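Asker: Sequence:
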Amino acid sequence: MKAVVITSPGGPDVLQLQQVNDPQIKDDEVLIKVAATAVNRADTNQRQGKYPPPKGASEHLGLECSGTIEAVGSRVSRWKIGDQVCALLSGGGYAEKVAVPAAQVFPVPDGISLTDAAAFPEVACTVWSTIFMTSRLSPGESLLVHGGSSGIGTFAIQIAKHLGIRVLITAGSEEKLAACRDLGADVCINYKSEDFVARVKEETDGKGVDVILDCLGASYFQRNLDSLNFDGRLFIIGLMGGAKAEMNLPTLFAKRLTVQAAGLRYRTPENKAAIVKEVEKNVWPAIAAGKVKPIVSKVFPFSVAAEAHKLIESSQHIGKILLVPS
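Read in our numbering, the sequence shown has 257 at position 257, and its numbers run on one by one without any break.
In short, the hints are calculated from the structure, not lab data. Treat the hints loosely; a few may be bogus.
Below 30 Å or equal to it, Euclidean Cα-Cα: the simulated BS3-like pairs (lysine-lysine) are [unchecked claim]:
{"#": "1", "residue 1": "K291", "residue 2": "K33"}
{"#": "2", "residue 1": "K281", "residue 2": "K293"}
{"#": "3", "residue 1": "K33", "residue 2": "K277"}
{"#": "4", "residue 1": "K33", "residue 2": "K298"}
{"#": "5", "residue 1": "K281", "residue 2": "K298"}
{"#": "6", "residue 1": "K293", "residue 2": "K80"}
{"#": "7", "residue 1": "K255", "residue 2": "K244"}
{"#": "8", "residue 1": "K293", "residue 2": "K192"}
{"#": "9", "residue 1": "K55", "residue 2": "K80"}
{"#": "10", "residue 1": "K291", "residue 2": "K277"}
{"#": "11", "residue 1": "K80", "residue 2": "K2"}
{"#": "12", "residue 1": "K192", "residue 2": "K207"}
{"#": "13", "residue 1": "K281", "residue 2": "K291"}
{"#": "14", "residue 1": "K192", "residue 2": "K50"}
{"#": "15", "residue 1": "K2", "residue 2": "K310"}
{"#": "16", "residue 1": "K55", "residue 2": "K26"}
In this text, all values refer to a predicted model and were calculated from it rather than measured experimentally.
Please put together the full structure from these sequences, using the hints given.
Answerer: Here is the structure:
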(Lines of atoms letter the chains of each structure in order from A and count residues from 1; the text may use other names and numbers.)
(Lines give C-alpha, C1' and ligand atoms only; values in the text may rest on other atoms or scores of the structure.)
Protein backbone atom coordinates (compact mmCIF):
# COMPACT_ATOMS: atom_id res chain seq x y z
CA MET A 1 0.00 0.00 0.00
CA LYS A 2 0.98 3.67 -0.15
CA ALA A 3 1.53 5.71 3.00
CA VAL A 4 2.87 9.14 3.89
CA VAL A 5 6.28 8.46 5.43
CA ILE A 6 8.45 10.68 7.65
CA THR A 7 11.80 10.35 5.85
CA SER A 8 13.62 12.06 8.76
CA PRO A 9 12.52 14.33 11.62
CA GLY A 10 12.03 17.87 10.38
CA GLY A 11 9.76 20.30 8.57
CA PRO A 12 6.75 19.51 6.40
CA ASP A 13 8.86 18.64 3.37
CA VAL A 14 10.18 15.47 5.03
CA LEU A 15 6.76 13.89 4.33
CA GLN A 16 6.88 11.64 1.27
CA LEU A 17 4.35 9.22 -0.24
CA GLN A 18 5.97 5.77 -0.45
CA GLN A 19 5.16 2.09 -0.85
CA VAL A 20 5.08 0.28 2.52
CA ASN A 21 3.90 -3.09 3.81
CA ASP A 22 0.19 -3.63 4.45
CA PRO A 23 -0.80 -3.72 8.14
CA GLN A 24 -1.65 -7.07 9.72
CA ILE A 25 -4.72 -7.24 11.94
CA LYS A 26 -4.96 -8.93 15.32
CA ASP A 27 -7.92 -11.03 16.46
CA ASP A 28 -9.68 -8.02 18.02
CA GLU A 29 -8.98 -5.60 15.15
CA VAL A 30 -10.45 -4.62 11.80
CA LEU A 31 -8.68 -3.54 8.62
CA ILE A 32 -10.01 -0.28 7.18
CA LYS A 33 -9.49 0.87 3.60
CA VAL A 34 -8.97 4.56 4.27
CA ALA A 35 -11.25 7.08 2.57
CA ALA A 36 -9.92 10.06 4.52
CA THR A 37 -7.83 10.99 7.54
CA ALA A 38 -7.41 14.27 9.37
CA VAL A 39 -4.38 16.39 10.19
CA ASN A 40 -3.88 17.12 13.89
CA ARG A 41 -1.30 19.21 15.74
CA ALA A 42 0.03 15.99 17.24
CA ASP A 43 1.00 14.89 13.72
CA THR A 44 3.29 17.91 13.32
CA ASN A 45 4.95 17.10 16.65
CA GLN A 46 5.50 13.49 15.58
CA ARG A 47 6.94 14.67 12.26
CA GLN A 48 9.47 16.75 14.21
CA GLY A 49 10.47 13.75 16.32
CA LYS A 50 8.80 15.09 19.49
CA TYR A 51 5.80 12.75 19.79
CA PRO A 52 6.62 9.07 19.16
CA PRO A 53 3.77 6.60 18.68
CA PRO A 54 2.84 4.31 21.58
CA LYS A 55 4.53 0.92 21.74
CA GLY A 56 2.99 -1.41 19.17
CA ALA A 57 1.20 1.35 17.24
CA SER A 58 1.75 2.14 13.57
CA GLU A 59 4.82 4.28 12.89
CA HIS A 60 2.83 6.29 10.35
CA LEU A 61 1.00 9.53 11.11
CA GLY A 62 -2.76 9.82 11.51
CA LEU A 63 -4.89 9.67 14.67
CA GLU A 64 -8.28 9.19 13.01
CA CYS A 65 -9.76 8.01 9.74
CA SER A 66 -12.88 7.05 7.84
CA GLY A 67 -13.27 4.26 5.36
CA THR A 68 -14.61 0.80 4.55
CA ILE A 69 -13.85 -2.37 6.47
CA GLU A 70 -11.87 -4.86 4.37
CA ALA A 71 -11.19 -7.57 6.96
CA VAL A 72 -12.18 -8.46 10.52
CA GLY A 73 -10.35 -10.37 13.23
CA SER A 74 -11.62 -13.68 14.60
CA ARG A 75 -12.88 -12.08 17.83
CA VAL A 76 -14.77 -9.22 16.14
CA SER A 77 -18.57 -9.57 16.11
CA ARG A 78 -20.02 -6.07 15.62
CA TRP A 79 -18.37 -5.17 12.33
CA LYS A 80 -18.38 -6.91 8.95
CA ILE A 81 -16.62 -6.50 5.63
CA GLY A 82 -18.11 -3.60 3.69
CA ASP A 83 -19.22 -1.55 6.69
CA GLN A 84 -18.57 2.19 6.33
CA VAL A 85 -16.94 3.45 9.52
CA CYS A 86 -14.70 6.03 11.12
CA ALA A 87 -12.19 5.31 13.86
CA LEU A 88 -9.94 6.64 16.60
CA LEU A 89 -6.35 5.55 15.94
CA SER A 90 -3.05 5.44 17.78
CA GLY A 91 -1.39 6.02 14.40
CA GLY A 92 -1.52 4.90 10.78
CA GLY A 93 -4.24 7.06 9.26
CA TYR A 94 -1.98 8.60 6.58
CA ALA A 95 -2.08 5.32 4.63
CA GLU A 96 -4.34 3.45 2.23
CA LYS A 97 -5.11 0.85 4.91
CA VAL A 98 -4.99 0.82 8.70
CA ALA A 99 -5.53 -1.80 11.41
CA VAL A 100 -7.54 -0.60 14.42
CA PRO A 101 -9.06 -2.22 17.53
CA ALA A 102 -12.72 -2.92 16.83
CA ALA A 103 -13.70 -1.12 20.05
CA GLN A 104 -12.31 2.15 18.63
CA VAL A 105 -14.53 2.07 15.54
CA PHE A 106 -17.71 4.12 15.01
CA PRO A 107 -20.44 3.80 12.40
CA VAL A 108 -20.44 6.76 10.02
CA PRO A 109 -22.99 9.18 11.51
CA ASP A 110 -26.29 9.44 9.66
CA GLY A 111 -26.28 12.26 7.13
CA ILE A 112 -22.47 12.58 7.02
CA SER A 113 -20.35 11.72 3.98
CA LEU A 114 -17.68 9.06 4.28
CA THR A 115 -14.96 11.68 3.74
CA ASP A 116 -16.33 14.17 6.26
CA ALA A 117 -16.69 11.44 8.89
CA ALA A 118 -12.90 11.53 9.29
CA ALA A 119 -13.30 14.95 10.93
CA PHE A 120 -15.00 13.57 14.04
CA PRO A 121 -13.23 10.77 15.98
CA GLU A 122 -10.27 12.65 17.49
CA VAL A 123 -12.10 15.88 18.33
CA ALA A 124 -15.20 14.13 19.65
CA CYS A 125 -13.21 11.76 21.86
CA THR A 126 -10.91 14.53 23.08
CA VAL A 127 -13.68 16.99 23.95
CA TRP A 128 -16.08 14.46 25.45
CA SER A 129 -13.44 12.69 27.57
CA THR A 130 -12.00 15.92 28.97
CA ILE A 131 -14.58 18.58 29.71
CA PHE A 132 -17.59 16.28 29.94
CA MET A 133 -16.46 12.91 31.32
CA THR A 134 -13.73 14.34 33.58
CA SER A 135 -14.59 17.99 34.26
CA ARG A 136 -18.34 17.22 34.41
CA LEU A 137 -19.38 20.26 32.41
CA SER A 138 -23.15 20.46 32.82
CA PRO A 139 -26.14 22.28 31.31
CA GLY A 140 -26.43 25.80 32.72
CA GLU A 141 -22.67 26.17 33.23
CA SER A 142 -20.23 28.20 31.15
CA LEU A 143 -17.25 27.13 29.05
CA LEU A 144 -14.24 29.05 27.73
CA VAL A 145 -12.51 27.47 24.72
CA HIS A 146 -9.14 28.81 23.60
CA GLY A 147 -8.61 28.47 19.87
CA GLY A 148 -12.31 28.42 19.13
CA SER A 149 -11.81 28.16 15.36
CA SER A 150 -9.65 25.02 15.54
CA GLY A 151 -10.94 21.51 14.93
CA ILE A 152 -11.28 21.00 18.68
CA GLY A 153 -12.81 24.43 19.15
CA THR A 154 -15.42 24.24 16.40
CA PHE A 155 -16.57 20.87 17.71
CA ALA A 156 -16.60 22.00 21.36
CA ILE A 157 -18.71 25.06 20.55
CA GLN A 158 -21.35 22.99 18.79
CA ILE A 159 -21.71 20.15 21.29
CA ALA A 160 -21.65 22.50 24.29
CA LYS A 161 -24.33 24.75 22.83
CA HIS A 162 -26.43 21.70 21.99
CA LEU A 163 -26.25 20.69 25.66
CA GLY A 164 -27.32 24.07 27.03
CA ILE A 165 -23.94 25.52 27.98
CA ARG A 166 -22.90 29.16 27.56
CA VAL A 167 -19.77 29.25 25.37
CA LEU A 168 -17.01 31.87 25.31
CA ILE A 169 -14.10 31.52 22.90
CA THR A 170 -10.83 33.19 22.00
CA ALA A 171 -9.51 33.50 18.46
CA GLY A 172 -7.05 35.72 16.63
CA SER A 173 -8.88 37.24 13.67
CA GLU A 174 -12.24 38.72 12.78
CA GLU A 175 -12.81 35.91 10.27
CA LYS A 176 -12.28 33.29 12.95
CA LEU A 177 -14.41 35.15 15.48
CA ALA A 178 -17.22 35.37 12.93
CA ALA A 179 -16.98 31.64 12.20
CA CYS A 180 -17.25 30.83 15.90
CA ARG A 181 -20.18 33.19 16.28
CA ASP A 182 -21.94 31.45 13.38
CA LEU A 183 -21.48 28.12 15.18
CA GLY A 184 -23.25 29.49 18.25
CA ALA A 185 -20.51 30.90 20.48
CA ASP A 186 -22.06 33.45 22.86
CA VAL A 187 -18.95 35.57 23.46
CA CYS A 188 -16.07 35.84 20.97
CA ILE A 189 -12.84 37.42 22.22
CA ASN A 190 -9.94 38.55 20.03
CA TYR A 191 -6.94 37.57 22.14
CA LYS A 192 -4.67 39.80 20.05
CA SER A 193 -6.50 43.00 20.90
CA GLU A 194 -8.34 42.20 24.15
CA ASP A 195 -7.43 41.03 27.64
CA PHE A 196 -9.39 37.81 27.75
CA VAL A 197 -9.39 37.69 31.57
CA ALA A 198 -11.03 41.11 31.81
CA ARG A 199 -13.54 40.26 29.09
CA VAL A 200 -14.46 36.94 30.74
CA LYS A 201 -15.06 38.72 34.04
CA GLU A 202 -17.12 41.39 32.29
CA GLU A 203 -19.28 38.79 30.54
CA THR A 204 -19.87 36.74 33.71
CA ASP A 205 -20.64 39.55 36.16
CA GLY A 206 -17.20 39.17 37.70
CA LYS A 207 -17.61 35.49 38.51
CA GLY A 208 -15.59 33.76 35.79
CA VAL A 209 -16.41 30.63 33.80
CA ASP A 210 -16.98 27.13 35.16
CA VAL A 211 -14.71 25.20 32.79
CA ILE A 212 -11.83 26.14 30.48
CA LEU A 213 -10.52 23.96 27.64
CA ASP A 214 -6.96 25.07 26.96
CA CYS A 215 -4.38 24.11 24.33
CA LEU A 216 -1.77 26.73 25.27
CA GLY A 217 -0.46 25.51 28.62
CA ALA A 218 2.16 27.65 30.32
CA SER A 219 1.53 31.01 28.65
CA TYR A 220 -2.13 31.05 29.71
CA PHE A 221 -1.88 29.12 32.98
CA GLN A 222 -2.25 31.84 35.62
CA ARG A 223 -4.63 33.85 33.46
CA ASN A 224 -6.82 30.79 33.08
CA LEU A 225 -6.96 30.35 36.85
CA ASP A 226 -7.89 34.02 37.19
CA SER A 227 -10.74 33.47 34.69
CA LEU A 228 -12.43 30.64 36.60
CA ASN A 229 -15.48 30.79 38.84
CA PHE A 230 -15.62 29.15 42.28
CA ASP A 231 -15.25 25.37 41.88
CA GLY A 232 -13.95 26.00 38.35
CA ARG A 233 -12.09 23.39 36.34
CA LEU A 234 -9.17 24.03 33.98
CA PHE A 235 -8.47 21.25 31.50
CA ILE A 236 -5.18 21.46 29.57
CA ILE A 237 -4.90 19.43 26.34
CA GLY A 238 -1.92 21.12 24.69
CA LEU A 239 1.32 22.96 25.30
CA MET A 240 1.49 25.33 22.33
CA GLY A 241 2.34 28.15 24.77
CA GLY A 242 5.04 26.29 26.67
CA ALA A 243 5.44 23.46 29.19
CA LYS A 244 6.68 25.20 32.35
CA ALA A 245 4.61 27.67 34.33
CA GLU A 246 4.53 29.33 37.72
CA MET A 247 1.27 29.71 39.57
CA ASN A 248 -0.17 31.61 42.48
CA LEU A 249 -1.21 28.75 44.76
CA PRO A 250 -3.61 30.78 46.90
CA THR A 251 -5.78 31.16 43.78
CA LEU A 252 -6.55 27.45 43.98
CA PHE A 253 -7.47 27.61 47.65
CA ALA A 254 -9.54 30.76 47.43
CA LYS A 255 -11.78 29.50 44.61
CA ARG A 256 -11.51 25.70 45.15
CA LEU A 257 -10.13 25.25 41.64
CA THR A 258 -9.24 21.99 39.89
CA VAL A 259 -6.45 21.72 37.31
CA GLN A 260 -6.62 18.73 34.98
CA ALA A 261 -4.61 17.57 31.98
CA ALA A 262 -4.69 14.58 29.68
CA GLY A 263 -3.84 13.36 26.22
CA LEU A 264 -5.71 10.75 24.21
CA ARG A 265 -3.09 8.83 22.27
CA TYR A 266 -1.33 7.09 25.17
CA ARG A 267 -4.48 5.95 26.99
CA THR A 268 -4.98 2.20 27.32
CA PRO A 269 -7.11 0.36 24.77
CA GLU A 270 -9.67 -0.26 27.52
CA ASN A 271 -9.86 3.45 28.34
CA LYS A 272 -10.18 4.40 24.67
CA ALA A 273 -12.94 1.82 24.24
CA ALA A 274 -14.85 3.35 27.16
CA ILE A 275 -14.51 6.85 25.66
CA VAL A 276 -15.62 5.67 22.21
CA LYS A 277 -18.68 4.02 23.76
CA GLU A 278 -19.64 7.23 25.58
CA VAL A 279 -19.08 9.35 22.47
CA GLU A 280 -21.26 7.11 20.32
CA LYS A 281 -23.97 7.24 22.97
CA ASN A 282 -23.89 10.99 23.66
CA VAL A 283 -22.45 12.71 20.58
CA TRP A 284 -23.50 10.63 17.57
CA PRO A 285 -27.23 11.40 18.05
CA ALA A 286 -26.43 15.12 18.02
CA ILE A 287 -24.52 14.71 14.76
CA ALA A 288 -27.35 12.70 13.21
CA ALA A 289 -29.78 15.44 14.27
CA GLY A 290 -27.67 18.09 12.55
CA LYS A 291 -26.80 19.83 15.82
CA VAL A 292 -23.07 19.15 15.33
CA LYS A 293 -21.66 19.42 11.82
CA PRO A 294 -18.24 18.66 10.33
CA ILE A 295 -16.30 21.89 9.82
CA VAL A 296 -13.75 21.16 7.11
CA SER A 297 -11.30 23.84 6.03
CA LYS A 298 -9.60 22.03 3.14
CA VAL A 299 -9.02 18.55 1.70
CA PHE A 300 -5.58 17.57 0.37
CA PRO A 301 -4.41 14.40 -1.41
CA PHE A 302 -1.79 12.27 0.37
CA SER A 303 0.76 13.31 -2.25
CA VAL A 304 0.84 16.87 -0.88
CA ALA A 305 0.58 16.07 2.83
CA ALA A 306 3.39 18.59 3.36
CA GLU A 307 1.06 21.37 2.23
CA ALA A 308 -1.56 20.24 4.74
CA HIS A 309 1.04 20.40 7.52
CA LYS A 310 2.11 23.87 6.43
CA LEU A 311 -1.51 25.01 6.62
CA ILE A 312 -2.15 23.68 10.13
CA GLU A 313 1.12 25.17 11.38
CA SER A 314 0.18 28.54 9.91
CA SER A 315 -3.06 28.54 11.95
CA GLN A 316 -4.83 30.11 8.97
CA HIS A 317 -7.50 27.40 8.80
CA ILE A 318 -10.92 27.11 10.42
CA GLY A 319 -12.01 23.64 11.51
CA LYS A 320 -10.41 20.41 10.29
CA ILE A 321 -7.92 19.69 7.53
CA LEU A 322 -8.43 16.36 5.77
CA LEU A 323 -6.21 14.11 3.66
CA VAL A 324 -7.45 11.58 1.11
CA PRO A 325 -5.55 8.84 -0.74
CA SER A 326 -3.93 10.18 -3.91
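Asker: Please write out, lowest number first, the hints stated earlier that are contradicted by the structure.
Answerer: Failing hints: none at all.
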